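Taken in order, these protein sequences are the chains called A and B. Numbering follows the working numbering, with no gaps: position 71 of the first sequence is 71. Numbering follows the working numbering, with no gaps: position 95 of the second sequence is 95.
Among the hints, a few may not be true.
[Claimed, not checked] In silico lysine to aspartate or glutamate, DMTMM-like type, Cα no more than 20 Å apart, as pairs: (1) A:Lys66 - B:Asp185; (2) B:Lys188 - A:Asp64; (3) A:Lys56 - B:Asp101; (4) A:Lys56 - B:Glu94; (5) B:Lys262 - B:Glu239; (6) B:Lys69 - B:Glu239; (7) A:Lys59 - B:Asp185; (8) A:Lys56 - B:Asp177; (9) B:Lys117 - B:Glu157; (10) B:Lys188 - B:Glu94.
Rather than coming from a laboratory, the hints here were simulated on the basis of the structure. Given the structure is predicted, the values throughout are model-derived calculations rather than measurements.
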Amino acid sequence: MSAPTGAFYRAAGMSFLRYANVSADLLRNVLKEPFKTKAQNRQVIVYRSSPYVDGKQGKQTVIDIKTGMPTKPQAPSTSS
Amino acid sequence: MALRRAAGLLASRVLGTPSAGLECAAPYALQHLEGIPSTLQTSTPATSSTEQVRHAGNLAVKQRIRAIKNIGKITKAMKMVAASKMKNAQIAVESSRGSVDPFLRLFGDHPAVTAPKTATVAVTSDKGLCGGLNSNISKYTRMMLQLNQAEGETVSEQTVASIGDKGRSQLTRTHGDMYTLSVMDAFKPINFAQASLIAEELLKQNPDAEVFRILYNKFVSAIAFKPTVATVMMPNVMERQAMEPTGNKLDTYDMEVPAENKDALQDLAEFQLAMTLHNAMLENNCSEHASRMSAMENSTKSAGEMLSALTLSYNRKRQAAITTELTEIIAGASALEDS
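Please put together the full structure from these sequences, using the hints given.
In structure tokens:
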């Protein structure tokens, strides 16, 4: 293949949002202790979502993550 | 002494013989009419029937008074909780506004932009008892969908998504076929990581959407919240918009590699979507608490008014019953005395 066009994260299949959030998580991880725990609170993601197809509710995904943005998009199943 | 005896005799004569079921009320009746000589104690069950007759109609009112008092206490507590939550939320809202303003300065606000495929996102609350907030947003969402339809965009290209349980229940009923995504339990906590993940899901469920319209309640003050629509454009529409006279200022920036312009626009669009969603959720959250505070305040006030009216009528009834009894006894006693 020729040199990847565009940004490297795009070539890896990540959107800009995922890239920015993963970088932020890495930065929060290297902070020193009192600031680290305060920053870790900003990494918690909690919500429930369900896609709708043709007016019917699809399978519900429960997102309850304490360690920040996942690096790969989730498969539609309950994630830890 | 003779008067009392006469009163007791009159009572037993007026009310007749006691029924079996009233005997359990005898101790209560005995307390009420003290000093009755023992010979007249057979009349006490009869007097207990007066007690029952006197209080029967008032019992329902008494229960109602108790219930309303409890409800008033609950709504007052809810109001205080909502007030404290609103104070915390207000700080977060004001600091998030600073991250959305640069986008508006760079791209401008173009709510009238049209594209063949649009997605409308309604931000509502999960819990109820918050006033007319959510029905307002549903109303505006429906109006927006109709507006888009009237502008020549065909319905099959329009999609709807909602954040919050209340919006889902109201919108799936009327626009269920346009629905693509519903997000719930997303308000605790609200941070950018969560907004990014939701934005990604939105983009995944609406892959062709070129304009995202996000409807939410903007927090103006503790008593004012305005339904607002924020428009986020995807790169194609952004470029088209740049050609217009009201175009954006992006061209004043030099790109190192001109070919990367498209990528930069894509990144910016995604970032703007996540940022706008984050701000919209925070503002709606704060507006929800403010609205709940005022709704609970109104509830408490109505409960107080109802309570005072009911208490007045209860006391009036009670006093009227006692007065009637007194006059009966006195009339009877005076009649006996005269004879």
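Structure-based check of each hint:
1. A:Lys66 - B:Asp185: Distance of about 16 Å is within 20 Å: holds.
2. B:Lys188 - A:Asp64: holds, 11 Å
3. A:Lys56 - B:Asp101: violated, 37 Å
4. A:Lys56 - B:Glu94: violated, 38 Å
5. B:Lys262 - B:Glu239: holds, 9 Å
6. B:Lys69 - B:Glu239: Given pair lysine 69 (chain B), glutamate 239 (chain B) is violated - Cα atoms ~61 Å apart, limit 20 Å.
7. A:Lys59 - B:Asp185: holds, 16 Å
8. A:Lys56 - B:Asp177: holds, 8 Å
9. B:Lys117 - B:Glu157: Satisfied, since the Cα-Cα distance of roughly 5 Å is no more than 20 Å.
10. B:Lys188 - B:Glu94: holds, 18 Å
The structure does not agree with the numbered hints 3, 4 and 6 stated previously, though it agrees with the rest.
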